[in-house]
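Chains A and B supply the protein sequences, listed in that same order. Numbers 1 to 361, taken from my numbering, label the letters of the first sequence in order. Numbers 1 to 361, taken from my numbering, label the letters of the second sequence in order.
Treat the hints with care, since some could be wrong.
Because identical chains share one entry, a pair is satisfied inside a single copy or across any pair of copies.
Stated by the list, open to error - Restricting the straight-line Cα-Cα distance to at most 25 Å, the calculated cross-link-like pairs of lysine to any residue (SDA-like) are:
{"no.": "1", "residue 1": "Lys225", "residue 2": "Thr277"}
{"no.": "2", "residue 1": "Lys280", "residue 2": "Gly245"}
{"no.": "3", "residue 1": "Lys173", "residue 2": "Arg200"}
{"no.": "4", "residue 1": "Lys225", "residue 2": "Ala96"}
{"no.": "5", "residue 1": "Lys97", "residue 2": "Gly310"}
These are computed hints drawn from the structure, not numbers from a lab. Fair warning: this is a prediction, and the values are worked out from it, not measured in the lab.
Number of protein chains: 2
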Amino acid sequence: MTYADSAGAARKPTLAVVGATGAVGTVMLGILSERKDVWGEIRLIASPRSAGKKLTVRGEQVEVVALSEEAFEGVDVAMFDVPDEVSAQWAPVAAAKGAVAVDNSGAFRMDPEVPLVVPEVNAHAARVRPRGIISNPNCTTLSMIVAMGALHAEFGLSELIVSSYQAVSGSGKEGVDTLREQIAAVAGTELGTHPGDVRRAVGGGLGPYPAPIAYNVVPFAGSLKDDGWTSEELKVRNESRKILGLPGLRVTATCVRVPVITTHSLTVHARFENEVTVAKAHEILSTAPGVVLCDNPAEGEFPTPADVVGTDPTWVGRVRRSMDDPNALELFVCGDNLRKGAALNTAQIAEVVAAELTGVS
Amino acid sequence: MTYADSAGAARKPTLAVVGATGAVGTVMLGILSERKDVWGEIRLIASPRSAGKKLTVRGEQVEVVALSEEAFEGVDVAMFDVPDEVSAQWAPVAAAKGAVAVDNSGAFRMDPEVPLVVPEVNAHAARVRPRGIISNPNCTTLSMIVAMGALHAEFGLSELIVSSYQAVSGSGKEGVDTLREQIAAVAGTELGTHPGDVRRAVGGGLGPYPAPIAYNVVPFAGSLKDDGWTSEELKVRNESRKILGLPGLRVTATCVRVPVITTHSLTVHARFENEVTVAKAHEILSTAPGVVLCDNPAEGEFPTPADVVGTDPTWVGRVRRSMDDPNALELFVCGDNLRKGAALNTAQIAEVVAAELTGVS
Ligand SMILES: NC(=O)c1ccc[n+]([C@@H]2O[C@H](COP(=O)([O-])OP(=O)(O)OC[C@H]3O[C@@H](n4cnc5c(N)ncnc54)[C@H](OP(=O)(O)O)[C@@H]3O)[C@@H](O)[C@H]2O)c1
Ligand SMILES: NC(=O)c1ccc[n+]([C@@H]2O[C@H](COP(=O)([O-])OP(=O)(O)OC[C@H]3O[C@@H](n4cnc5c(N)ncnc54)[C@H](OP(=O)(O)O)[C@@H]3O)[C@@H](O)[C@H]2O)c1
Numbered sequence: 001m002t003y004a005d006s007a008g009a010a011r012k013p014t015l016a017v018v019g020a021t022g023a024v025g026t027v028m029l030g031i032l033s034e035r036k037d038v039w040g041e042i043r044l045i046a047s048p049r050s051a052g053k054k055l056t057v058r059g060e061q062v063e064v065v066a067l068s069e070e071a072f073e074g075v076d077v078a079m080f081d082v083p084d085e086v087s088a089q090w091a092p093v094a095a096a097k098g099a100v101a102v103d104n105s106g107a108f109r110m111d112p113e114v115p116l117v118v119p120e121v122n123a124h125a126a127r128v129r130p131r132g133i134i135s136n137p138n139c140t141t142l143s144m145i146v147a148m149g150a151l152h153a154e155f156g157l158s159e160l161i162v163s164s165y166q167a168v169s170g171s172g173k174e175g176v177d178t179l180r181e182q183i184a185a186v187a188g189t190e191l192g193t194h195p196g197d198v199r200r201a202v203g204g205g206l207g208p209y210p211a212p213i214a215y216n217v218v219p220f221a222g223s224l225k226d227d228g229w230t231s232e233e234l235k236v237r238n239e240s241r242k243i244l245g246l247p248g249l250r251v252t253a254t255c256v257r258v259p260v261i262t263t264h265s266l267t268v269h270a271r272f273e274n275e276v277t278v279a280k281a282h283e284i285l286s287t288a289p290g291v292v293l294c295d296n297p298a299e300g301e302f303p304t305p306a307d308v309v310g311t312d313p314t315w316v317g318r319v320r321r322s323m324d325d326p327n328a329l330e331l332f333v334c335g336d337n338l339r340k341g342a343a344l345n346t347a348q349i350a351e352v353v354a355a356e357l358t359g360v361s
Numbered sequence: 001m002t003y004a005d006s007a008g009a010a011r012k013p014t015l016a017v018v019g020a021t022g023a024v025g026t027v028m029l030g031i032l033s034e035r036k037d038v039w040g041e042i043r044l045i046a047s048p049r050s051a052g053k054k055l056t057v058r059g060e061q062v063e064v065v066a067l068s069e070e071a072f073e074g075v076d077v078a079m080f081d082v083p084d085e086v087s088a089q090w091a092p093v094a095a096a097k098g099a100v101a102v103d104n105s106g107a108f109r110m111d112p113e114v115p116l117v118v119p120e121v122n123a124h125a126a127r128v129r130p131r132g133i134i135s136n137p138n139c140t141t142l143s144m145i146v147a148m149g150a151l152h153a154e155f156g157l158s159e160l161i162v163s164s165y166q167a168v169s170g171s172g173k174e175g176v177d178t179l180r181e182q183i184a185a186v187a188g189t190e191l192g193t194h195p196g197d198v199r200r201a202v203g204g205g206l207g208p209y210p211a212p213i214a215y216n217v218v219p220f221a222g223s224l225k226d227d228g229w230t231s232e233e234l235k236v237r238n239e240s241r242k243i244l245g246l247p248g249l250r251v252t253a254t255c256v257r258v259p260v261i262t263t264h265s266l267t268v269h270a271r272f273e274n275e276v277t278v279a280k281a282h283e284i285l286s287t288a289p290g291v292v293l294c295d296n297p298a299e300g301e302f303p304t305p306a307d308v309v310g311t312d313p314t315w316v317g318r319v320r321r322s323m324d325d326p327n328a329l330e331l332f333v334c335g336d337n338l339r340k341g342a343a344l345n346t347a348q349i350a351e352v353v354a355a356e357l358t359g360v361s
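All chains should be modelled from the sequences, with the hints used to inform the complete structure.
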């Protein structure tokens, strides 16, 4: 494929957004409209149900086409923001047609022939893609990994013990609707002193959750795997190891859903090969690309989901050195799970590929 | 003092409840009305503002008297459910009058001459009280320490790394009112995609918190101490060490407030001297006094604040053995911060003292 047209001018690559009508796809169209425009044609693809629908991207109306082999004709980069099984079937089709597939689903993340990329941490890994597919990590891992990568580069990471405070939009629209409905149901009711009061007040609709999520926290996200671990907890472990290139990294996660709409938070106990200082950690975090240091609790400055939602970076605060271990830091980290946690990171990976294809960076 | 009256019959000890009109005091009167009745007279004490008010305990109306030296005349055990400075001044006065003071405030917890007692863990410590004062731990420590004590007895605890999900009633009535008002303000509004949307929706009233608490989590509880730690985080460390009698125990806490009314939750990474198994941990937790094991995630069984509120025990679920360390367990723990976290534990300590005084147990 050549990136100069017949007249010799550089041709901008063609991008396909598969799943353009979904929750992540919708955020993606907004992000593509905001960022430095590296794309020629942007083709929007969804299920046959959405074919013919018009969506706005870069200020223009674009008609959605149905997913098919032909839809990838002439496509250089194809983003997949669709369910796992749709990615599993169609990303290889796009790759066979010559596109680089950038997949937001869980279908290929742990495939040893598919790189798992966070551009601030391991952009180089995107170049080695034997299947023509690059994976985007899950949102919980993505909400902390940029900050961890920066600290790892300086101190050498040896262990992560994390607890999550995960937003309901990580469960898609159904999660958001469930929290909103439950909040509407409990607002104004008197409760809080008897077991079951909250269950009664929220009514029957638990949505995607195994317990009420309004006025509650739920220590279960994803599905149950071996030995009592959830899929979400294992993703944090396995994906952190793969992104950082540390297959033996000690990683323990406990994932808890909280009544927040968007932006995941995590407490992190991070242990390093080398001794740490808060001053040095501050220096690293305040200069690392994609990270905002927000750490002045004396002035009430630390990140919270309410202040981080809608922004691109990973926010870090409450940085402390462990009192028992000069090699360990405690941190509180927030990231918008729909932006860096999904669409933004995919857009960044696609841009890395575009730069490689066109020789421009 | 003798506990037989002139006719030789056993006399039941006299209890004073100082702060009977407060949030903890109110829960206390309920608890005293439910438990095995070991008390003779129960005297209710508060500020002069409340003198003459009548409150119900054990089904009877009792008139509140103003705090004074005379109010402790003939009192055997005096509970203090009042602000720190009131306890600091008046618990020694009660002790000087011959009463054993059981203090729920933070005034004496780290005093080396005052035992810090959780009856399931260190009831014996209540007997050695050179100042005549016994302290009750803070609610965050109390929400997990009974379970940790049971596991420590079997495996030998060496490290705790905990993250809290703390309820607003830990900040008293002001915390509860703030969350309710903010929930009423945000219910029905559209928000969640721009920084500041939640701040605007909740209006100006942040109450005792440095950020909105509805649709948010706030990684700051208590006041700021040295090196970026909060008072709440240091209490978890210092009080856990003292209760368990392990002055060198490694303890790290990150305390986060969540939009839950009552019941604190914690994720716990607990490391032990000896190798652990989930089966053995289950056995210990299912038989330990004051602990309920609730750990069958395949059936949706794990504790959440909504199901634990209003109950007495410490609930434990999501028990896993660390994949990196055969000596470490991961747990999710819930406890009602107004019951075991405050009034219940104080009532239990007072009963331990009553049994000692009367020779009955
Ligand atoms: N939500 C998050 O925080 C998050 C974070 C990271 C990753 N992800 C992942 O991103 C992916 C998309 O998630 P989402 O929340 O955006 O899902 P969603 O809102 O349900 O959107 C699904 C999209 O896939 C399309 N689609 C479904 N079945 C299709 C088919 N058979 N053929 C063609 N298109 C099909 C839908 O098109 P129609 O509208 O035509 O049905 C829609 O555009 C998932 O793999 C998810 O796990 C989500
Ligand atoms: N809330 C919790 O989860 C929790 C948990 C553990 C421990 N604690 C501790 O328990 C204590 C009480 O907390 P709370 O939430 O119940 O407080 P609260 O609702 O403000 O009640 C304070 C009580 O103290 C009395 N009081 C105040 N000043 C007094 C004075 N100068 N002389 C005599 N009585 C006075 C008040 O009597 P009037 O009504 O007459 O003013 C009232 O009975 C505090 O030390 C708190 O830190 C609270």
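A quick look at each hint next to the structure:
1. Proximity of Lys225 to Thr277 under the C-alpha cut-off of 25 Å is restricted to the inter-copy arrangement: shortest distance 18 Å between copies versus 37 Å within a copy.
2. For the identical chains of this complex, Lys280 and Gly245 are intra-copy neighbours only, at 23 Å inside a copy versus 35 Å across copies, given an alpha-carbon limit of 25 Å.
3. For the homomeric pair Lys173 and Arg200, the shortest alpha-carbon distances inside one copy (23 Å) and between copies (23 Å) are both at most 25 Å.
4. Taking the closest pair of Cα atoms, Lys225 and Ala96 never come within 25 Å of each other, the shortest separation being 33 Å inside a single copy and 59 Å across copies.
5. When the C-alpha separation of Lys97 and Gly310 is checked against a cutoff of 25 Å, the pair qualifies neither within a copy, at 35 Å, nor between copies, at 61 Å.
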